[in-house]
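Those sequence lines, one after another, are chains W and H. Here the first sequence is numbered in my numbering, starting from 1417 and rising by one per residue. Here the second sequence is numbered in my numbering, starting from 1417 and rising by one per residue.
Hints are not guaranteed to be accurate.
Any copy, or any two copies together, can satisfy a pair, since identical chains are not distinguished.
[Stated by the list, open to error] Straight-line Cα separation of at most 25 angstroms, SDA-like style, residue types lysine to any residue; simulated pairs:
(1) K1523 - M1546
(2) K1708 - R1729
(3) K1418 - W1682
(4) K1537 - T1602
Hints were generated in silico from the structure; no laboratory data involved.
There are 2 protein chains.
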Amino acid sequence: MKLSSKNLDERIDTLYDAIVVGGGMGGLSAAIYLARYGLKCLIIEKGKGRSLWMQDLRNYVGLDPHTSGSTILNHGTKQALEWGADHLRGYVEEVTDEGETFAVKVKIGKKDSTYPIFRSKYVIAASGIMDNLPQLENMQNVYDYAGYTVHVCMICDGFDMWDQKAVLIANTESQINAAFVLNWFTPYISVLTHGLGSVSDTMKQKLADYGYPLYESPIAKFLGEKHQLSGVELIDGTIVEATTGLVSMGSVYHSHYLKGIDGLEWDGQNLVTNEMAKTSHDRIFALGDLKKGLNQVSIAVADGTAAATQIWRNIRRESVPRKWEENIKVPITV
Amino acid sequence: MKLSSKNLDERIDTLYDAIVVGGGMGGLSAAIYLARYGLKCLIIEKGKGRSLWMQDLRNYVGLDPHTSGSTILNHGTKQALEWGADHLRGYVEEVTDEGETFAVKVKIGKKDSTYPIFRSKYVIAASGIMDNLPQLENMQNVYDYAGYTVHVCMICDGFDMWDQKAVLIANTESQINAAFVLNWFTPYISVLTHGLGSVSDTMKQKLADYGYPLYESPIAKFLGEKHQLSGVELIDGTIVEATTGLVSMGSVYHSHYLKGIDGLEWDGQNLVTNEMAKTSHDRIFALGDLKKGLNQVSIAVADGTAAATQIWRNIRRESVPRKWEENIKVPITV
């Protein structure tokens, strides 16, 4: 059932089996499985997730490669609702571990916000990451290319950059190192630091050895038309020719709401999980980009399957087994 | 490119980066990723895999729940071919480890078979399992219900059995134990052993305690119409009423071709793999049902992603990095 500030009273006293923070591909997979295990679950989705940016989902078996992120997210949300999951548009502010349950505080609405608290036995952290993009005065200019011909994920889109002139936008030395992986797909790489950070002489020499020019002036604007990049203009007036780009500027991790939870093991910003996507906390699971491993739709979807299945197993094992009462006295038929 | 006995000469001297044994969901995912990494891969598919039996794929995010296995397999095969994978209909008889390469011997054609040998750097075992079904004289009677209202996977289809009268067809004690998981979905369980194996007094007592009748007579035929089960007739004349069924009779593992490989770690019939779907052999990967873990489409698809990515990383790290030759002497532009 679709929840909103208008009808959430109907569910505010529900003890959910699981609350899924994030309605991206991993969260939707978890919700579909939870619902099909007959468990009560609530997806809380803030909107504008990473997969919404995808114009084409090219490497997920069974979907037309031109399927956009928004299409598949809408479809998956409908699937989850149809199997019986609840779905709420809101922003999870805080999760408090109450021992047997979690209290999940949600902000609903940008204006006149309300802050209801939902409760669940398990929490699935599926809120993912958001890639940093170069900040320009006119952000629409960035959005005109990001997700089309300027990519954020080399594994996803390297193929589509094959042997093209590419800009790599990076602002730390370790991000610049992406050039030495990107060159599997194309060697025609120009490195742009957008005026951020400084580049060591060692890195400058390495880039020169590979023939990859380095531009340290900030970006003025992306050039091109109809989402097809043709180059990048820097504020010093230089125009760098390129038909594609990779932004490697790190990511923001959406895991603030877990910061108050004791006993979570992190590896940098990623949650450490086991093969069932369980974190070091027995009632918190983490999916996809938030956990260690590949940031791929297929991985998040499988994580959702695993997390939901483990939660079902736990709940099932603690439940009273169902007997066929009317049969209890029937003799065994041979 | 679609290969057959007619055109395989064009590829018989190709050293593939990877040969994918099995064109199910995991194998197709691996092939799509391999092709998009620009690697040469060959899928060898014998046909009639487990996912072909699915009439509805209900829990894979983004697909209509009424999508059949054959639809998604055909679609995925087309995807893989479009990105540049090769595909051959044939049966892998044997894989020989030659040190740096594998020799993969394939049987093509049921009559006048030919036995070409293909070579690759890596092998991805994606040939899955096949569920054992009760053997009746008229197997068409089994196929009329299997995959429709008689299921083989409780995680996949338990939801669709909810509170229905169900037959559990099992022939060892451990398979009969599925009743005590199936009762999460429905307590109206009749256990049929199809005349195979014997049931201990302890198990008989436990089933009686739960009110689950046990029938040890062999099955004569499934009853119903238009794939909708209404009951099962046993050869002793008993009719067991049921609108759904679960077959829990074990599976055949399609891994015969790996038996000659040294150094593979098995857990029972499952291959042990790491988080990148790599077996204990550095150049052999295993996906989905062949490896330990959940037998779910989403898991196999993610395994394919991981295996292809690790193979790409290995090959990339061993390759000569591509430089932008014409730029080598260009001074760094600031």
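Tested hints:
Taking the shortest alpha-carbon separations for K1523 and M1546, only the intra-copy value of 19 angstroms comes in at or below 25 angstroms, while the best inter-copy value is 48 angstroms. Taking the shortest alpha-carbon separations for K1708 and R1729, both the intra-copy value of 23 angstroms and the inter-copy value of 17 angstroms come in at or below 25 angstroms. For a Cα distance limit of 25 angstroms, the shortest separation of K1418 from W1682 qualifies neither inside one copy, at 33 angstroms, nor across copies, at 46 angstroms. Taking CA atoms no more than 25 angstroms apart as the test, K1537 paired with T1602 passes between copies only; the shortest distance there is 23 angstroms, against 48 angstroms inside one copy.
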